[in-house]
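Visitor: As a plain string of letters, each chain reads:
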Amino acid sequence: MPMGHTATAQAGSGGLTATEHRLANGLRVVLSEDHLTPVAAVCLWYDVGSRHEVEGRTGLAHLFEHLMFQGSGQVKGNGHFELVQGAGGSLNGTTSFERTNYFETMPTHQLELALWLEADRMGSLLAALDEESMENQRDVVKNERRQRYDNVPYGTAFEKLTALAYPEGHPYHHTPIGSMADLDAATLEDARTFFRTYYAPNNAVLSVVGDIDPEQTLAWVEKYFGSIPSHDGKQPPRDGTLPEIIGEQLREEVHEEVPARALMAAYRLPHDGTRACDAADLALTVLGGGESSRLHNRLVRRDRTAVAAGFGLLRLAGAPSLGWLDVKTSGGVEVPEIEAAVDEELARFAAEGPTPEEMERAQAQLEREWLDRLGTVAGRADELCRFAVLFGDPQLALTAVRRVLDVTAEEVQAVAKAQLRPDNRAVLVYEPVESAEPADAADTDETDADDTDAHEGAGK
Amino acid sequence: MQYHPQPAPGTARPWAFPAPDRGALPNGLTVLRCHRPGQQVVAVEIFLDAPLDAEPEGLDGVATIMSRALSEGTDKHTAEEFAAELERCGATLDAHADHPGVRVSLEVPASRLAKALGLVAEALRAPAFADSEIERLVSNRLDEIPHEQANPARRAAKQLSKELFPATSRMSRPRQGTEETVERIDSAAVRAFFDAHVRPSTATAVVVGDLTGIDLDALLADTLGDWSGEAAESRPVPPITADDTGRVVIVDRPGAVQTQLLIGRIGADRHDSVWPAQVLGTYCLGGTLTSRLDRVLREEKGYTYGVRAFAQVLRSSAPGSASGATGAAMLAISGSVDTESTEPALKDLWTVLRTLAAEGLTDEERETAVQNLVGVAPLKFETAASVAGTLADQVEQHLPDDYQAHLYARLAETGTVEATAAVVNAFPGDRLVTILVGDAARIEEPVRALGIGDVSVVTG
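Which chain is which? The protein sequence lines are A and B, in order.
So for the first sequence, this note's numbering puts the first residue at 1; every next one is plus one.
So for the second sequence, this note's numbering puts the first residue at 1001; every next one is plus one.
Derived from the structure by calculation, the hints contain no laboratory data.
Remember, it's a predicted structure, so these values are computed and weren't measured experimentally.
Certain hints may be false.
Said to hold, decoys possible - Derived list of chain B stretches under chain A, where covered just means 3 residues or more per stretch with a C-beta under 8 Å from a C-beta of chain A: (1) 1005 to 1017; (2) 1029 to 1035; (3) 1117 to 1123; (4) 1150 to 1160; (5) 1183 to 1190; (6) 1255 to 1265; (7) 1270 to 1277.
Unchecked claim - Sample of chain B residues facing chain A (criterion: CB under 10 Å; computed from the structure): (8) G1023; (9) V1041; (10) V1108; (11) P1109; (12) G1287; (13) S1323; (14) E1343; (15) E1382; (16) T1383.
Every residue, glycine too, gets a C-beta built ideally from N, C-alpha and C.
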């Protein structure tokens, strides 16, 4: 019985409820009450991410996210940060392939301020946006790119693998951080057009979670957001669907100054929001999540050929998800030895499926992760927005863990058999080179720098 | 859109940092417990009085290997079985060794606390420390070292410790050991360290979460109550000294696109009455994006994705203890800037410090900082893990259980003049050791001309 070993009676929803509302201008609003702590989370998801970017303007969605903190109609300079922090709140924004989110967590009695601030920039950002903040934030974002990707070992692996796994021209071929050349090319007019196209109430979902009075909260939302006009100029993103199987093994070998050889791979997996994606999540957990996984036991414990070995899942709704393999080799071990062991384990798993004990462990791990995510008002607010924006129904957030616990061993085996195969992956191999040339020109030229990104990508 | 004036805050709902119940088990184990309604993932923090300075000469890293080995098998379970049983509970277990001692951290859904705590108790009562597992952990640790060397932030931290502390002090050397010391560690050394320093009478367990329906006394008696060991006194804490003569050390990274900065010295810990003023002043200097450093380096100049100033306690002891108050905190400014901007960024950074010393903080800055530091408390301590972590920090720093609760009142009482004095004393421009991990060929000469101290270059 898949439900037999759940950690809580309601399996993760913990008795939580959410209500949905819609303003006349199209803004969708989700409210969820919880009075245990005197805090309230505000979360706003705009349905725009790096997948909406056009050629020559990669990184624009994320650069724009930075500009949202540079003042708006009634808020000067860094006022969004100053006012929230001065009220005892915290805030940030992040950009991924599929969306841009902005969030504040406030002491209850300061909730209205956060709503006023979000409405002010949704309605009047362009009144404050100028060349000076554009130039400044361009430099900040370029330094963000250097710090998080270019100046750390294996830092550009994600953008290289993404570029391999999604073909040229595909909306997910480049990652949210964008290329240096495109960041340099973006203009103030690009930013203005981007705002006019995507930052409209009918392209957003607002959630408010925590110690709130729903009636009062809704009245504030109506007061501050209600007069912002809707706008229908948005182009849908290019289609991200792809065949279930890549059909060949894509491969790139990187010679860089890294501390050890590495084998990384991205497997093409089902779209987020499907039962098969939950099954894939369980398969990857059994194979490479935590310290009792098959790959950890094989490569780190028994063969002792790896320092670390694991699988992760990048869930995507508008394109195939990616199953993310990352193995750093031990000592002088060569990559083919690791690769053979990985393939052997994947083939065995596809043939046999998970054991009942493995299913129980993987489900317990994923259940705890859900409890963690729903255990804070900010986490809950983000999940409600996610399900509303990507799947049209915020209520699905409260039952997500049930769906994971409902998946059977047969379904886990089926997805592994169909998709965790050598002809359905992009492989990236790192071979260390001896130090000291200026950053290996072969791998950092302009061509490569064109297709980049960020994991959950690019914070403020 | 229709503009509305900025809303005024409502009435704050009172919130206080939770007060734990303190008790002890018959075996001498101190227990702190704290019921947090709604927190379904329970956090358990166990502090073991096994500090790094207790490691035998030449065996740096033995505390780390011992910590990791605690979850690698017991008298009842092999290493693989132990990991599997823990994950079957949906639990995570981490153990790490630092200057004050070893911390073992468990997080698990409340309904599976009994089973998971049983496993932790087993690990403390009867760890296997099998030869083959220790060999594996040692070689795994040796494999990790080159990865840490390659990471600019880790490399900078390592160099700063080496510069600040005398070579005879454990603090001058890497917490997890060097290649030379780690390779000497075997199961006998691990066992000896465990026998000498790990026992219930000098340990404390902190349990935080929704404990509704859990008979914690019975549960503790059945699990950690079963752990036995001879009584022992707490170890004396040696004083910390540091050489903060102003100087610059460049760790050469030819071709690096950024320079990692770490600028530090040591200063007051939480037992010093200046701590609240130091917290306030340090926040005003570099606590957030709108603090003095980022206001210039990021938001005006775009040299960086962000620079932070912070104080991190290294180790503390109570004034009333046998060795007296001997603690200290690492005070530091950290961030990274693009290579070209290294000299101008450092120049601006010193200008910020000198201006602060000459003109002091403003009342407005102090007010915003207090509002933030006090106001964010309910959000910061929403989860069980964050409450447990702070309670355990208090224990390992010999602070009373109500320290954090009182800190908020003391912060609110701290004036602008006190906060200015504290931060100026904490970061005097001529008593700071500057570590730069970057391209020496491009940054050495310009940095030398700045006059912030002698400049030397190291490699590796």
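Visitor: Each hint needs a verdict: does it hold in this structure or not?
Guide: Quick rundown of the hints versus the structure:
{"no.": "1", "hint": "1005 to 1017", "result": "holds (count 9)"}
{"no.": "2", "hint": "1029 to 1035", "result": "violated (count 0)"}
{"no.": "3", "hint": "1117 to 1123", "result": "violated (count 0)"}
{"no.": "4", "hint": "1150 to 1160", "result": "holds (count 3)"}
{"no.": "5", "hint": "1183 to 1190", "result": "violated (count 0)"}
{"no.": "6", "hint": "1255 to 1265", "result": "holds (count 5)"}
{"no.": "7", "hint": "1270 to 1277", "result": "violated (count 0)"}
{"no.": "8", "hint": "G1023", "result": "violated (25 Å)"}
{"no.": "9", "hint": "V1041", "result": "holds (5 Å)"}
{"no.": "10", "hint": "V1108", "result": "holds (7 Å)"}
{"no.": "11", "hint": "P1109", "result": "holds (4 Å)"}
{"no.": "12", "hint": "G1287", "result": "holds (9 Å)"}
{"no.": "13", "hint": "S1323", "result": "violated (38 Å)"}
{"no.": "14", "hint": "E1343", "result": "violated (16 Å)"}
{"no.": "15", "hint": "E1382", "result": "holds (5 Å)"}
{"no.": "16", "hint": "T1383", "result": "holds (6 Å)"}
The structure does not agree with the numbered hints 2, 3, 5, 7, 8, 13 and 14 stated previously, though it agrees with the rest.
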